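Asks: Please model the complete structure; the sequences and the hints are all you need to start from.
Residue numbers (the working numbering): 1 to 262.
Hints are computed from structural coordinates only; laboratory data are not their basis.
Because the structure is a prediction, the values reported are computed rather than measured.
Yeah, the Cβ is synthetic: ideal placement off N, Cα and C, and Gly gets one too.
Treat the hints loosely; a few may be bogus.
Okay, derived cross-link-like pairs now, SDA-like style, lysine to any residue, Cα gap no bigger than 25 Å in a straight line [to be verified]:
no. : residue 1 : residue 2
1   : K18       : R40
2   : K18       : R101
3   : K97       : L82
4   : K97       : K10
5   : K97       : Q77
6   : K97       : E202
7   : K233      : S181
8   : K97       : D230
9   : K38       : H159
10  : K10       : G23
11  : K97       : C85
Label pairs and their in silico Cβ distance ranges [what the hints assert, rightly or not]:
no. : residue 1 : residue 2 : range
12  : Q198      : V99       : 31 to 41 Å
13  : A7        : M44       : 35 to 45 Å
14  : G58       : R226      : 55 to 65 Å
15  : S210      : A7        : 21 to 31 Å
16  : D222      : A7        : 39 to 49 Å
17  : L245      : R43       : 45 to 55 Å
18  : A36       : L249      : 45 to 55 Å
19  : R40       : L249      : 20 to 30 Å
20  : V5        : V250      : 35 to 45 Å
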Amino acid sequence: MGRVVFAQDKEERHVAIKLVRSGSEESRILHLLFDAQKLRDERMIPGILPILDMLPFGGHWLAWGDTVGSPWFESMQEILTLIRCLIEGLSHVHSFKIVHRDVDTYNMLVNHVQLTEETSKYCIRQRMRREERMKEYEYNPFAYDVGCLGEFLCFRFQHLTPLVPMLAPLFDSMIHWNVESRLTAAQALQFFDDLYPQLDQEQLQSYPRSMMRTSRPYEEHDRWARLPEDFVKQWSHMRMPKTSLRCALVRTLRRMIDKLTA
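Replies: Here it is as structure tokens:
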């Protein structure tokens, strides 16, 4: 994301300011999104940080955007709101034929996502790129974006699937090893919107405990454990199959090499 500074404007809005080089790819994308959000009644694109203004500054542009703080969640409803917001934002970005390619914790200026010591050491981009190299000969950047977002969601929320079972097939279908079986951002958003109305108030208002320090890696955690048998049977076609022995060995060797060369 580059360097971002935070401030408060005359309207007492909490904002984020970023310096962007004029004529760069990032500058063109920000101007495209800025123009696109002007055409909407609400003056914003859902799931994307609202750009309040683009100010020319000595060969650069100052991107002036809205942002807020980052406490932990009080209910599952807050977590589900965040999940939908992130998926919807990525879906809108992809609808403009824009590939993010760096979906990671340090690139999210949204509420309820804390950059702690644990998250700052956890680089989704590097892990996903290693995984993509192991199984893809033809790179699909849109599927890569979905995989990065899926891994982030698993890292933060996969232990909560017993509270909201719909998260198990959603997360699995976003990080599926077979890229052709992975949902697009638009399909993931549609899946979320189809199942969300089936949740009751007890599920939505339940308190989500944090498991940041003990959460297992997404490829080892069983997100379907302790889920109702009828639910597992209904959505088993979206369950990610276990990694083959060959793939597991390759992944282990790659991690050993990464440690030796770090």
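Asks: All hints, please: hold or fail.
Replies: For each hint, the structure was consulted:
Taking the CA atoms of K18 and R40, the gap is near 23 Å; set against the 25 Å cutoff, the hint holds. Among the hinted pairs, K18 with R101 is consistent with the structure: their alpha-carbon atoms are about 19 Å apart, no more than 25 Å. Of the pairs offered as hints, the one joining K97 and L82 holds, with about 23 Å between alpha carbons and a cut-off of 25 Å not exceeded. Only pairs whose Cα atoms come within 25 Å are accepted, and K97 paired with K10 is rejected, the gap being roughly 35 Å.
Note on K97 and Q77: the hinted pairing is violated, with a Cα-Cα distance of about 30 Å set against a maximum of 25 Å. Taking the CA atoms of K97 and E202, the gap is near 39 Å; set against the 25 Å cutoff, the hint is violated. Distance restraint check for K233 and S181: the Cα-Cα separation of roughly 18 Å lies within the 25 Å cut-off, and the hinted pair is therefore satisfied. Of the pairs offered as hints, the one joining K97 and D230 is violated, with about 38 Å between alpha carbons and a cut-off of 25 Å exceeded.
A distance of roughly 39 Å separates the Cα atoms of K38 and H159; the hinted pair therefore is violated under the 25 Å criterion. Between K10 and G23 the CA atoms are separated by roughly 29 Å; this puts the pair beyond 25 Å, and the hint is violated. In summary, the hint linking K97 to C85 is supported, as the alpha carbons are separated by about 19 Å, within the 25 Å threshold. Range check, Q198 to V99: Cβ separation about 32 Å, and the 31 to 41 Å hint holds.
For A7 and M44, the hinted distance range of 35 to 45 Å is not satisfied, since their beta carbons lie about 19 Å from each other. Range check, G58 to R226: about 57 Å between beta-carbon atoms, so the 55 to 65 Å window is met. Against the hinted window of 21 to 31 Å, the Cβ-Cβ separation of S210 and A7 comes to about 29 Å, which satisfies the hint. For the hinted restraint 39 to 49 Å between D222 and A7, the CB-CB distance of approximately 44 Å keeps it satisfied.
Restraint check, L245 to R43: a C-beta distance of roughly 53 Å satisfies the suggested window 45 to 55 Å. A hinted range of 45 to 55 Å for the beta carbons of A36 and L249 is consistent with their spacing of about 46 Å. Checked against the hint of 20 to 30 Å, the C-beta distance between R40 and L249 comes to roughly 50 Å, which is inconsistent with it. With their beta carbons about 42 Å apart, V5 and V250 fall inside the hinted range of 35 to 45 Å.
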